[in-house]
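Trainee: Protein sequence lines correspond, in order, to chains U and S. The numbering of the first sequence is full-length UniProt numbering, which starts it at 1 and goes up by one. The numbering of the second sequence is full-length UniProt numbering, which starts it at 1 and goes up by one.
These are computed hints drawn from the structure, not numbers from a lab. It cannot be assumed that every hint is accurate.
Said to hold, decoys possible - DEER-style ranges, computed between Cβ atoms:
#  : chain 1 : residue 1 : chain 2 : residue 2 : range
1  : S       : Trp57     : U       : Asp140    : 33 to 41 Å
2  : U       : Gly109    : S       : Pro32     : 36 to 44 Å
3  : S       : Leu209    : U       : Leu26     : 24 to 32 Å
4  : U       : Leu85     : S       : Ala182    : 51 to 59 Å
5  : S       : Leu209    : U       : Ala270    : 31 to 39 Å
6  : S       : Asp229    : U       : Val86     : 29 to 37 Å
7  : S       : Glu40     : U       : Asn165    : 51 to 59 Å
8  : U       : Phe122    : S       : Leu130    : 45 to 53 Å
9  : S       : Glu40     : U       : Ala198    : 49 to 57 Å
10 : S       : Gly186    : U       : Met271    : 46 to 54 Å
11 : S       : Trp57     : U       : Pro254    : 40 to 48 Å
12 : S       : Val176    : U       : Pro254    : 52 to 60 Å
Ideal placement from N, C-alpha and C gives every residue a C-beta, glycine not left out.
Each chain, written out:
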Amino acid sequence: MRPIWKESPSPAYQAIKAVVLGGFALAIVVPILVVVSTSLASDQDIIDAGGYVLWPSHPTVKAYQTLFSGGLMGRAIMVSVFVTLVGTAIALAVTIALAYATSRPVLFGRPVLLMVLFTLLFAPGIIPMFLVVKQFGLLDSLWSLILPGALGAFNFVVLRTFFMNVPGELLESARIDGASDFMILRKIIMPLSKAVIAVVGLFYAVGFWNAFFNALLYLNDTSKWPVQVILRTYVLQGKSLSADQLGVEPLPQPQSLQMAVVVVALVPIAMVYPFLQRHFTKGVITGAVKG
Amino acid sequence: MVLLMVPGVVFLLAFFYLPVLGNVVAFQDFQPYLGIMHSEWNGFTNFVNLYANPDFWDALRNTLILAGAQLLLFFPIPIGLALIVDSLVSNRVRRWFQTIAYLPHFLSWVLVVTLFQQSLGGAGFVNNLLRQAGLDPIPFMTNPDTFPLLVVAQLVWKDAGWAMIIFLAALTTVDVSLYEAAAADGAGRWRRLWHITLPSLRTVIVLLLILRIGDILSVGFEQFILQRDSVGPGAAEVLDTFTYYAGVVGGDWSSGAAAGLAKGVVGALLLWGANSLAHRLGEPGIFQRRGSS
Chain U
1 MRPIWKESPS PAYQAIKAVV LGGFALAIVV PILVVVSTSL ASDQDIIDAG GYVLWPSHPT
61 VKAYQTLFSG GLMGRAIMVS VFVTLVGTAI ALAVTIALAY ATSRPVLFGR PVLLMVLFTL
121 LFAPGIIPMF LVVKQFGLLD SLWSLILPGA LGAFNFVVLR TFFMNVPGEL LESARIDGAS
181 DFMILRKIIM PLSKAVIAVV GLFYAVGFWN AFFNALLYLN DTSKWPVQVI LRTYVLQGKS
241 LSADQLGVEP LPQPQSLQMA VVVVALVPIA MVYPFLQRHF TKGVITGAVK G
Chain S
1 MVLLMVPGVV FLLAFFYLPV LGNVVAFQDF QPYLGIMHSE WNGFTNFVNL YANPDFWDAL
61 RNTLILAGAQ LLLFFPIPIG LALIVDSLVS NRVRRWFQTI AYLPHFLSWV LVVTLFQQSL
121 GGAGFVNNLL RQAGLDPIPF MTNPDTFPLL VVAQLVWKDA GWAMIIFLAA LTTVDVSLYE
181 AAAADGAGRW RRLWHITLPS LRTVIVLLLI LRIGDILSVG FEQFILQRDS VGPGAAEVLD
241 TFTYYAGVVG GDWSSGAAAG LAKGVVGALL LWGANSLAHR LGEPGIFQRR GSS
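Sequences are here, hints too, so could you generate the full structure?
Mentor: So, in structure tokens, the structure goes:
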């Protein structure tokens, strides 16, 4: 409902608004739509359209069958899924424990909090990171993609802010009943903060799935490349996916194959996005305003 | 409780504070086969060499140009979008727009640059359309002169919608009776915007500006490294890519580390300076002053 004091906009204003918002939305939707359509288009569709297809008239999943028939792409998906799942689990466990411990007035709480917040101010740099990862023997290991990202300061702040609002009396009474710190975390804190933990988990998962530079820096072994590096190498840099890397012949149109790679990188995000969107505004605002 | 902190602290020490100490290689003639313990110390030689290296100055100049373009051209856009969305009366349109506008934030830079390449690249569909219409294709993706604009366009595409959230949230906290009173006193749309809406966004705007300034030297590292090949290092080499190519790719570890350390220190100082400036202007900023509440 329009409030009484608000004058209704002139047609010119309305037109400008519609053009700005509509144009912005189209600029986001159209490229994604074209990529998805082209990945589903038949060879003939692509040849007829001269490269890109807005809407596949003869949809086919041949490009995906080729991609998933093994070889490079299948392995890359396994790698990305592994890194995302294991990384998110570890990162959540570490961040929740640390955020809970520092959300209460405890021994060492203050210095540990400052240790985390300092990471927001200064970055150690690419070369020292590389040398440390190498020193730990993690080069060419998938752990190099997981361990350095296991504690995100922003996610930590969001969780800690939330935990601080859990009333102390609740924890006090549990403690009198003989619950340990770990029990309190498991049985009281975590059930109370399911939603915010889910959001932070999704933020971590998106981060792990999207990570590209870490893999470029730490992994030389192409069989360990995650999806993002495959996307960069075979689509952005345009190296061709040869038959032995995919294990089938004849190959479909390279265009649809490339677009299928793009879609593979996109789909997991599109799947978790509705959940993210429902909760993230709250998470972002808690972190930004009270952090 | 102390036990619960152990894993987190171990991670911080191993993958943050240890690398921070590892920056000592910037003061060494570092040789990988000798390691940090046995490489020779050479004081500030690496920094002196950087000072004399024209590539470093190019990278610094590009960093400032690209970061400046992103700061000046990007920053007002989410504010404008938020004002428009906030003025929408229909909740359905608003929700639809938000759903679409937030999505690209969650896509990786590889994906964003790929989508841009497929759309605007030499063989992309925009240039395909131009060719079919008998026009010359436009080299959006490879022209070094327009690279700053391309970079801003990509940032707007990816993050303008997302950056809008915080302004939208701030707009909902504005007291509606202020608007009502102003309208009753005859203030039109623009005067209400100028005297009520923008002042109430001031704190948030300052906060986000500080964060951006602190981040200015690292902006878009993946974005640049992905496009350095197609545009050329002349326009796309920034301090971080310089560090990577000189150090990890080129094997000149110490120069790379020196450039990286210089960047980290300057970035922290910028953040600190911007925050102090905000305090002086009477804004809360991000780091509270000691003793103030």
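Trainee: A separate judgement is required for each hint: does it hold in the structure or not?
Mentor: Verification of the supplied hints:
{"no.": "1", "hint": "S:Trp57 x U:Asp140: 33 to 41 Å", "verdict": "holds (35 Å)"}
{"no.": "2", "hint": "U:Gly109 x S:Pro32: 36 to 44 Å", "verdict": "holds (40 Å)"}
{"no.": "3", "hint": "S:Leu209 x U:Leu26: 24 to 32 Å", "verdict": "holds (30 Å)"}
{"no.": "4", "hint": "U:Leu85 x S:Ala182: 51 to 59 Å", "verdict": "holds (53 Å)"}
{"no.": "5", "hint": "S:Leu209 x U:Ala270: 31 to 39 Å", "verdict": "holds (32 Å)"}
{"no.": "6", "hint": "S:Asp229 x U:Val86: 29 to 37 Å", "verdict": "holds (32 Å)"}
{"no.": "7", "hint": "S:Glu40 x U:Asn165: 51 to 59 Å", "verdict": "holds (54 Å)"}
{"no.": "8", "hint": "U:Phe122 x S:Leu130: 45 to 53 Å", "verdict": "holds (46 Å)"}
{"no.": "9", "hint": "S:Glu40 x U:Ala198: 49 to 57 Å", "verdict": "holds (52 Å)"}
{"no.": "10", "hint": "S:Gly186 x U:Met271: 46 to 54 Å", "verdict": "holds (52 Å)"}
{"no.": "11", "hint": "S:Trp57 x U:Pro254: 40 to 48 Å", "verdict": "holds (41 Å)"}
{"no.": "12", "hint": "S:Val176 x U:Pro254: 52 to 60 Å", "verdict": "holds (57 Å)"}
In this structure, every one of the numbered hints holds.
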